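Assemble the whole structure, with the sequences as input and the hints as a guide.
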Amino acid sequence: MSAGAGPQASLGSPAAPAGGALLEINNLEVIYDEVILVLRGLSLAVPEGQLVALLGSNGAGKSTTLKAITGLLRTEHGEVTEGTIHHAGDEITQADTSDIVRRGLSLVMEGRHVFEHLTVRENLICGGYTSPGTVEERLATVEEYFPRLSERRAQQAGYLSGGEQQMLAIGRALMAGPSLLMLDEPSLGLAPLLVAEIFQIIQRLNRDLGTTVLLIEQNAKRALSIADHAYIMENGRIVLEGEAAELADNPDVKEFYLGMGESGRRSYRDVKHYKRRKRWL
Amino acid sequence: MQTFIQLTVSGLANGAILALAAVGFAIIFKATGVINFAQGAFMAVGAYMVYTAIADFGWAWPLAIAFAALIAILLGMGTERFILRPMVGESAISVIMVTIGLAFFLEASLQFQFGTRPLRMAPFIPEGTVLILDVPLPLNRLIAIGLAALVLGAVGAFFRYSRNGIAMRAVADDQQAALTMGISVRRIFAMAWGIAAVTAMLAGVLVANIQGVSGNVALFGLLVFPVVILGGLDSIGGTIVGGLIVGLLIQYTAGYLGGGLQQVVPYILLVFILMVRPYGLFGEVRIERV
Chain A
1 MSAGAGPQAS LGSPAAPAGG ALLEINNLEV IYDEVILVLR GLSLAVPEGQ LVALLGSNGA
61 GKSTTLKAIT GLLRTEHGEV TEGTIHHAGD EITQADTSDI VRRGLSLVME GRHVFEHLTV
121 RENLICGGYT SPGTVEERLA TVEEYFPRLS ERRAQQAGYL SGGEQQMLAI GRALMAGPSL
181 LMLDEPSLGL APLLVAEIFQ IIQRLNRDLG TTVLLIEQNA KRALSIADHA YIMENGRIVL
241 EGEAAELADN PDVKEFYLGM GESGRRSYRD VKHYKRRKRW L
Chain B
1 MQTFIQLTVS GLANGAILAL AAVGFAIIFK ATGVINFAQG AFMAVGAYMV YTAIADFGWA
61 WPLAIAFAAL IAILLGMGTE RFILRPMVGE SAISVIMVTI GLAFFLEASL QFQFGTRPLR
121 MAPFIPEGTV LILDVPLPLN RLIAIGLAAL VLGAVGAFFR YSRNGIAMRA VADDQQAALT
181 MGISVRRIFA MAWGIAAVTA MLAGVLVANI QGVSGNVALF GLLVFPVVIL GGLDSIGGTI
241 VGGLIVGLLI QYTAGYLGGG LQQVVPYILL VFILMVRPYG LFGEVRIERV
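Note that the protein sequences, when read in sequence, are chains A and B. The first sequence begins at 1 in our numbering and counts up one residue at a time. The second sequence begins at 1 in our numbering and counts up one residue at a time.
Any given hint could turn out to be false.
To be verified - Cβ-Cβ distance ranges computed for the label pairs, FRET-style:
{"id": "1", "chain 1": "A", "residue 1": "Pro132", "chain 2": "B", "residue 2": "Arg85", "range": "25 to 33 Å"}
{"id": "2", "chain 1": "A", "residue 1": "Arg153", "chain 2": "B", "residue 2": "Ala66", "range": "37 to 45 Å"}
{"id": "3", "chain 1": "B", "residue 1": "Ala66", "chain 2": "A", "residue 2": "Ser150", "range": "39 to 47 Å"}
{"id": "4", "chain 1": "A", "residue 1": "Pro132", "chain 2": "B", "residue 2": "Gly115", "range": "43 to 51 Å"}
{"id": "5", "chain 1": "B", "residue 1": "Gly115", "chain 2": "A", "residue 2": "Asp90", "range": "35 to 43 Å"}
{"id": "6", "chain 1": "B", "residue 1": "Ala108", "chain 2": "A", "residue 2": "Arg153", "range": "46 to 54 Å"}
{"id": "7", "chain 1": "A", "residue 1": "Thr119", "chain 2": "B", "residue 2": "Pro123", "range": "38 to 46 Å"}
{"id": "8", "chain 1": "A", "residue 1": "Gly162", "chain 2": "B", "residue 2": "Gly89", "range": "31 to 39 Å"}
{"id": "9", "chain 1": "A", "residue 1": "Tyr32", "chain 2": "B", "residue 2": "Tyr161", "range": "35 to 43 Å"}
{"id": "10", "chain 1": "A", "residue 1": "Arg153", "chain 2": "B", "residue 2": "Arg277", "range": "29 to 37 Å"}
{"id": "11", "chain 1": "A", "residue 1": "Glu79", "chain 2": "B", "residue 2": "Arg85", "range": "16 to 24 Å"}
{"id": "12", "chain 1": "A", "residue 1": "Ser161", "chain 2": "B", "residue 2": "Trp59", "range": "35 to 43 Å"}
For the record, the hints were derived by calculation from the structure and aren't laboratory data. Please read these numbers as outputs of a predicted model, since none were measured by experiment. Quick reminder that beta carbons are idealized off the backbone N, C-alpha and C, glycines included.
Right, here's the structure in full:
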């Protein structure tokens, strides 16, 4: 039916990013354990001040992309074998994680990863490790955004609720004063109301503080609702990109990622067809 | 009653020194996950370095301690950099064997250089007795307790309040997350080994001050194991409580039962603790949210 409807897919070589993007990834290839090819020529750009969403199904390589940017691959036997990553014009492809954090790129890892045995306050102090001079000032900012964290200041982080831990993880990343905040599935395992709250905060961080955000999400609908621009990944490369609002209207995106097919129930025979349609990805 | 108080004081002194020796062990284990069997050898190296600086170079003791601290830092960080870093990813048993090998190497080197005969260090802690509640107590033991408490307090404050101390605990909790904060795990590892070696050196010097400089200092370091097993391998507070319990136990056994039983009592305790509470009194409890 609409199989040939030609989505704005630009296989392999997405539109050249508008000059001077804050973060620019070109043709990135990542291999784990010297054999497993996870990213196959991924390219994307995050312009300054924007909220960019990176969507895709499980195993598409979204988290790997973030790990490649932050230099965490080598802790997992991964390696960038081709392509480049530029931040504000400088190449950071092989840089050390601590240098990358000092440049203003902060990552909130998937699954929160708070320091469980440290108090909330100590977790935040760790977040400001690279800029000890501004810890007090930033603590105030973070507690303003997350009032619940200031209530639980002296509590061990391991005993916080999931939502509070996610807030702590985001607040901790903000302590480094990032110009680019990368979030890996902040909605993971949270109740819908909390997800709404967290997304609202992410949006405020982007609008009020001017923090550029790169957001990875399974929850495509919500991510598209707050993002300016979005990329969709499949099998280690970008298969679709565009303005978030446009993508949210794209019939293929609706069907494959937002779960809103035009017709209601389908039979198994349709599913086979469904897969064939997805093959262009 | 008098005997009891005297035994208690020397037990506390031994215990405080043990805690000082064990705290380094706990720091290394907590931050890097390595069980360092060379902790006793580090103590002996410290004692011999202070001896050399005082007896051979004729330095004043504060200078001698500073010299030994420098050597200890080099030794600790060197061990991390050149022996344990290449071992990353090897099995735990290989890592343990390497630290045991290092212990033998260090102890043998000391014997090679200084001989096996015990050396008498000019005591730098004033000797004599003081009367407290009409009980004569050895001054050097009281001072040893005070010094050990001071150093342990400093270590505790470092972990609680300093930026690097908090970062070290963060690395112990979640290495990858610590990396994303820009914390250099390598630097933290080096720091952990440096601090552990310095506290071991200080413990070694305090032992040597009481019982002379010899290979026995390293032997005293063996008591670190009952202490950390009792206190919990990764707990700093636990090493202090564990140290004091083991120190007191040894002295009471020696004073009331005697017959060399004090030599084995700590290890009987070790076996017993492993049977009933293998993670020690204060070992870290995994937080599980329900």
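Results for each hint:
1. Under the hint 25 to 33 Å, the C-beta atoms of A:Pro132 and B:Arg85, about 26 Å apart, fit the expected range.
2. One distance hint, 37 to 45 Å for the beta-carbon pair A:Arg153 and B:Ala66, holds here, with the actual separation near 39 Å.
3. In this structure the supplied range 39 to 47 Å holds for B:Ala66 paired with A:Ser150, their Cβ-Cβ distance being about 43 Å.
4. A C-beta distance of roughly 49 Å is found between A:Pro132 and B:Gly115, which places it inside the suggested range of 43 to 51 Å.
5. Distance hint for B:Gly115 and A:Asp90: a CB-CB separation of about 59 Å, inconsistent with the stated range 35 to 43 Å.
6. In this structure the supplied range 46 to 54 Å holds for B:Ala108 paired with A:Arg153, their Cβ-Cβ distance being about 52 Å.
7. Distance hint check: the CB atoms of A:Thr119 and B:Pro123 are about 43 Å apart, consistent with the given range 38 to 46 Å.
8. Distance hint for A:Gly162 and B:Gly89: a CB-CB separation of about 32 Å, consistent with the stated range 31 to 39 Å.
9. Our hint of 35 to 43 Å for A:Tyr32 and B:Tyr161 holds, since their Cβ atoms are close to 40 Å apart.
10. Between A:Arg153 and B:Arg277, the C-beta spacing of about 32 Å keeps the proposed range 29 to 37 Å intact.
11. The hinted range of 16 to 24 Å is satisfied by A:Glu79 and B:Arg85, whose Cβ atoms lie roughly 20 Å apart.
12. In this structure, A:Ser161 and B:Trp59 break the distance hint of 35 to 43 Å, their C-beta atoms being roughly 58 Å apart.
In the structure shown, a violation is registered for the earlier hints numbered 5 and 12, in ascending order.
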